[in-house]
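Undergrad: Given the sequences, and given the hints that come with them, work out the whole structure.
There are 6 protein chains.
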Amino acid sequence: MDNYSGKIEYRIEAPFFIIKLSDPGRLNSLAGNDYLYLAQLLEKADEDDCVYFTVLQSSGRFFSSGADYLSIGKAQETNKSEPELNKWLSNFVSRNVYVTDMFTRHRKILICCLNGPAIGLSAALCALCDIVYSMNENVYLLFPFASLGLVTEGATSVTLPLKLGNNATYQALMFNEPIKYDKLKGSVITKNYGLNDTEKFNTAVMDELRQKTNHLYLPSILGIKKLLMINIRDQLERANAVEVNDALKCWVKGEPQKRFKELSLKQRKHKL
Amino acid sequence: MDNYSGKIEYRIEAPFFIIKLSDPGRLNSLAGNDYLYLAQLLEKADEDDCVYFTVLQSSGRFFSSGADYLSIGKAQETNKSEPELNKWLSNFVSRNVYVTDMFTRHRKILICCLNGPAIGLSAALCALCDIVYSMNENVYLLFPFASLGLVTEGATSVTLPLKLGNNATYQALMFNEPIKYDKLKGSVITKNYGLNDTEKFNTAVMDELRQKTNHLYLPSILGIKKLLMINIRDQLERANAVEVNDALKCWVKGEPQKRFKELSLKQRKHKL
Amino acid sequence: MDNYSGKIEYRIEAPFFIIKLSDPGRLNSLAGNDYLYLAQLLEKADEDDCVYFTVLQSSGRFFSSGADYLSIGKAQETNKSEPELNKWLSNFVSRNVYVTDMFTRHRKILICCLNGPAIGLSAALCALCDIVYSMNENVYLLFPFASLGLVTEGATSVTLPLKLGNNATYQALMFNEPIKYDKLKGSVITKNYGLNDTEKFNTAVMDELRQKTNHLYLPSILGIKKLLMINIRDQLERANAVEVNDALKCWVKGEPQKRFKELSLKQRKHKL
Amino acid sequence: MDNYSGKIEYRIEAPFFIIKLSDPGRLNSLAGNDYLYLAQLLEKADEDDCVYFTVLQSSGRFFSSGADYLSIGKAQETNKSEPELNKWLSNFVSRNVYVTDMFTRHRKILICCLNGPAIGLSAALCALCDIVYSMNENVYLLFPFASLGLVTEGATSVTLPLKLGNNATYQALMFNEPIKYDKLKGSVITKNYGLNDTEKFNTAVMDELRQKTNHLYLPSILGIKKLLMINIRDQLERANAVEVNDALKCWVKGEPQKRFKELSLKQRKHKL
Amino acid sequence: MDNYSGKIEYRIEAPFFIIKLSDPGRLNSLAGNDYLYLAQLLEKADEDDCVYFTVLQSSGRFFSSGADYLSIGKAQETNKSEPELNKWLSNFVSRNVYVTDMFTRHRKILICCLNGPAIGLSAALCALCDIVYSMNENVYLLFPFASLGLVTEGATSVTLPLKLGNNATYQALMFNEPIKYDKLKGSVITKNYGLNDTEKFNTAVMDELRQKTNHLYLPSILGIKKLLMINIRDQLERANAVEVNDALKCWVKGEPQKRFKELSLKQRKHKL
Amino acid sequence: MDNYSGKIEYRIEAPFFIIKLSDPGRLNSLAGNDYLYLAQLLEKADEDDCVYFTVLQSSGRFFSSGADYLSIGKAQETNKSEPELNKWLSNFVSRNVYVTDMFTRHRKILICCLNGPAIGLSAALCALCDIVYSMNENVYLLFPFASLGLVTEGATSVTLPLKLGNNATYQALMFNEPIKYDKLKGSVITKNYGLNDTEKFNTAVMDELRQKTNHLYLPSILGIKKLLMINIRDQLERANAVEVNDALKCWVKGEPQKRFKELSLKQRKHKL
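In the order they appear, the protein sequences are chains D, H, U, E, W and F.
Residue numbers for the first sequence follow the numbering used here, beginning at 117 and rising by one.
Residue numbers for the second sequence follow the numbering used here, beginning at 117 and rising by one.
Residue numbers for the third sequence follow the numbering used here, beginning at 117 and rising by one.
Residue numbers for the fourth sequence follow the numbering used here, beginning at 117 and rising by one.
Residue numbers for the fifth sequence follow the numbering used here, beginning at 117 and rising by one.
Residue numbers for the sixth sequence follow the numbering used here, beginning at 117 and rising by one.
Treat the hints with care, since some could be wrong.
Identical copies carry no separate label here, and so any pair may be met within one copy or between two of them.
Said to hold, decoys possible - Pairs of lysine-lysine residues, derived as DSBU-like cross-links and limited to a Cα-Cα distance of at most 30 Å, are as follows:
#1 K307 x K296
#2 K190 x K203
#3 K377 x K365
#4 K369 x K136
#5 K377 x K203
#6 K365 x K136
#7 K369 x K342
Since the hints were made in silico from the structure, they are not lab data.
TA: Structure representation (structure tokens):
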């Protein structure tokens, strides 16, 4: 597993496989290879027979501010000689198809400990989790596709209507609005811990999980997830293929790059 | 577009195509040809490349009190020589198949400004919109199919369970109960403006829409809707065909006509 | 209909077919044959042309505490000579396939009067009802599959995500948590009567139903249900087959029997 | 049933409901109301409990040469004052939605005795039959949509790929090629009687049917059809709605009318 | 695995798991428990990691003449005190749900060596195989559901239209016609060995299989089957549930028992 | 369009967009970038309003011998420092997702002039075409996935069962057998030109196409394809995503590379 990323740690405490985003200084933004590493960790968890739950944790203020602007700029510049198509096939399509698929077909229970805002592809992965806990009411999910010249990613064209309802999804996606706690409560978030420290939140979740899973027959859990997945599996896979090919056209035309750049300039001035 | 109806106005303020029901005196009830005109306006908006949002507004106390009883009576009497089947194929099936389809396959974002109650087919069209805003908490949707001897129309057999949930749909449809603000909030209505004047409400929505769409890359919006529609497109089309053919049997047997007539007599006495 | 059970009564008050669980002393727990009798009553209601609503009532504190432990133990011991496979095919698979199917394809409106907690297969049947009313806020549904070494039953792998949402379903199923009134409200329960006496509750519901159905054209009601069922019918049938065959493996391996036994011992000490 | 048409006869010889196109002089071309009458006969057969098989026969050289050009011209001219949209909603959409639906949801076994060529909507109905017998090898189906400025009708966008395969369907539809006996054999036609007289053919089929159904338990037949229909029912209904709404656009633009007229002129010269 | 049946043998010659029906004297008719044993052997093959192909062979003149009449009669008489419903749940529903499911979800390549006719459920299982070889042109499949008062079994409501096409399926099922070699060729049978001795046929197939699989990467084979199964898996499971519950009604009403009895009497006279 | 490949030519002769594989010396094997260029040409044809048919031609003996072994080897060696995962995401996943999608969503009629054998991904693209003509009876399609340690590519897990039937697909895929003319005839190939010179074949097809499309209303053709595609569109996209992610695992494990290498060595000795 050689996309090793300094920004992501993991440890196994059977039956839990705990993955932690650990770059709070840069709000846990992730470059392309970080997302690949994350997906590879999921694959590792999937193959480990003593693992029944895959837990995503983060650190600091944000769960993850999404794709790292710098890495996008870099991708664009490194292989200047390559055709635009090939560049974005390698840097966008192949990565998103793989990462989304690893979340989509994960056989263990995916639990997300949402300590703060999640943006873009990171928010999409959160929407692919089976269970989400929030640290407090300040969390939100933001899918800025419409303001970045993109379309939905990470199977959000399926997960958001499924989990938030159709009209709330349009409201959030069309106007680039954050989906706040009051919308996520019940539909995405099943428990709010009401804490203010990410480490304490992570610990509290793990303590409760350990206690709750104590008397369970763990193979039943995987059997139940398998049955539940049948309902949406095919739709998620279908969305994955269509989304990346639609987004590819955006990248080849160049709008997202332009808007990421503007955003990055603005951000340097104002701090997010 | 020659079903021109004095009850419906429209104007284009790119990227918005604004359609307004403007017959507040008769609570914006619509005759068969009015619905056709409404659908034709949607088609016009769909084909206009500078349009990204199609906004439905109304006027006065009601969004729309649904099908105009008089027009139903008239339809029945004009072509007395025609077989019952043919009469209702022309007056009901063909109109509903077309109107529902125009809403179902509309490619622009459909926004409904719900200033008051919507009933019957008008309520069904509201349920087909992507985004609904309410003027205040007095709005409701009413689907009186069970008391009129009809079955679901306008793909409500798909949209209501999808948006309101299965059991709430049964409760509303089986007992002819209005679906009030507290049920619509979150699931159908994504923002309540808390106003009491329809004109001010319409203006407030348009002002906010203009401001919200300012920084968006508009082609992304249509790309996102296209991806979201894949999930329900086929189901909506299927429902459209089955619903009209089931309802046709009701019309040919004559129960709805009888009940519409009773209702119309009652109404003349009590005012709605 | 010869699975006659002393625990279940029924009466016909057209257009209502009223089925009542009447074993409050044992919390309306049901043995295999009781479930079959219940399903046969549904079939009877389905075939009776003067019936439009099938109403499930119960008695005492619990709606139904689920499968009767004793009957499971007995099933296991009677036919000691039979292969394990055949034993559980007869005692589990065949019963669940039939009962679930009778609820899934029932053509009349299924109304559940939830006077108290429902557990296991009984709770699954409640989740298959079209409309659920609660007596008060103390009701809950409990699906203890994960702690009993089982997987979802009674098409709950479809009904729970459909009615409660995906993440709430995982939260409840994976950790064996009761789904309480605040989660059921709106999604499963469409009205709470706020009463404390089951008989008064049952009477209140029937009084309201009689009054509400007064002005309806009853054939419309069945026509509307037929249209609504198209959306989920195939999914429910598919789930039924997969669930029983997955559960069969659990029974053949013996985990559920062991855990039912433990539970039954514990219960004898503590009272539930 | 008041679309009574002198071109179509029927008789009931339980368990058979026999419908016969009886206008050999005009090659059994059918006007709009003739198709409605045909569909109404199907409905009558469907509701008759002593009917298990609905048999379509014809007379003369052609099974049916499709829509009667004259009736199309007439439709166009009668209601000159009506908007184009309304005219074609009444004359095309409503008729096709209904006729296709009556074939799609017919519960009895549909048997077509193909004595000769079938064209257009008539050919589409033949493709909707469960069983087709041919008189001899001169039969063919022709779907001249591409040369008439139309799109597929009568759910042929589903039935043809299903029965003939994908590529053979493209070959036939895109180039307006007749689908001849060698393609129909096995896929659509299950027996060829090798006769040259339509009356003898009709008699031979009925004789064989009577003998073949002798020892059957007839309710099983309807039960089997119900199970087989589940596979394609929803797809057929969905196609019905989409096809008519797509075709409507063609009619409103006017291309089919123009091409039907040309064809009619040509025909008058050359004889078909 | 304790339904051990003297009529079925098996042996493992990795990568082949070979199951052989070995009761040629009674034309390899199978009683309920024989079918269970067959399904259990499939499960055994599925779980054995060194198995990639599960090969079904038979012996003598028939592949399998289907359900053993005697066993049906016996089932009926043993538990005379049991309600009819329960009797057929145990003897028909549970067995068919399980056997069909074991074939439906089998992960190894299912190869059927069709040495002669297969009838009823045995023929249905043959239609569920991935690959079928015939000994000669005298083989046929017969599904006598319509003459036995039954409906389709073993997911034939899905497999037959899928493999033989829609109209050929109706022709065979509605008139109780054997599906002969010329119909099976290409669609079900991919190679005909043109032999006249079952043992030589079985040997010839195994020889060819060994040689053909020589250079393959066997894990690819299972990966490909997994991808191919996605297309029909859900449909097969759905059919399984609906078919058994529809058939159950037939058994409870008693028609199949009566007809099986008649058949058995006739047979004793004429020899099949 | 900068993946320009010397191996592929194109010209536009409205309404035809003609793409020609022009590397007969190396049997029209294609490297990764050649496939991208081919897909980009399809996109160009899709966007050109005067194009209604996209025709694929080839040259020499083979239509295309599939992926170029050398290019696979090169891909492997160039970026030795890159993680295996990333290498195959760039070289396999991203390319296949894009190429398959361009064929899957192509709106113009795709016609393949099959002059000789097609292998691997090239054969998969041929199976995605709407219409295929053969030069003579020596053509075949070969999908050597099982012998190369791969799984299905290019949506063949959907197209092959759809076009060839389920059992014929298993026979071909499991044993790495060429699918010869007699299997392709009717199902994939709709006309055989019986010629022996590729240039003459290409000319003959174009001549016939020009003549056949003469009297058609071309927009109807695209309208019909749109309706036909609804049936399989979602399935093809779903297959695309699942196939590439399953194949990715194969590449990361290294089996295909090993087997491609062996094949390439063997080939150098024997000539293909």
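Undergrad: In ascending order, which of the hints set out earlier in this document are inconsistent with the structure?
TA: none
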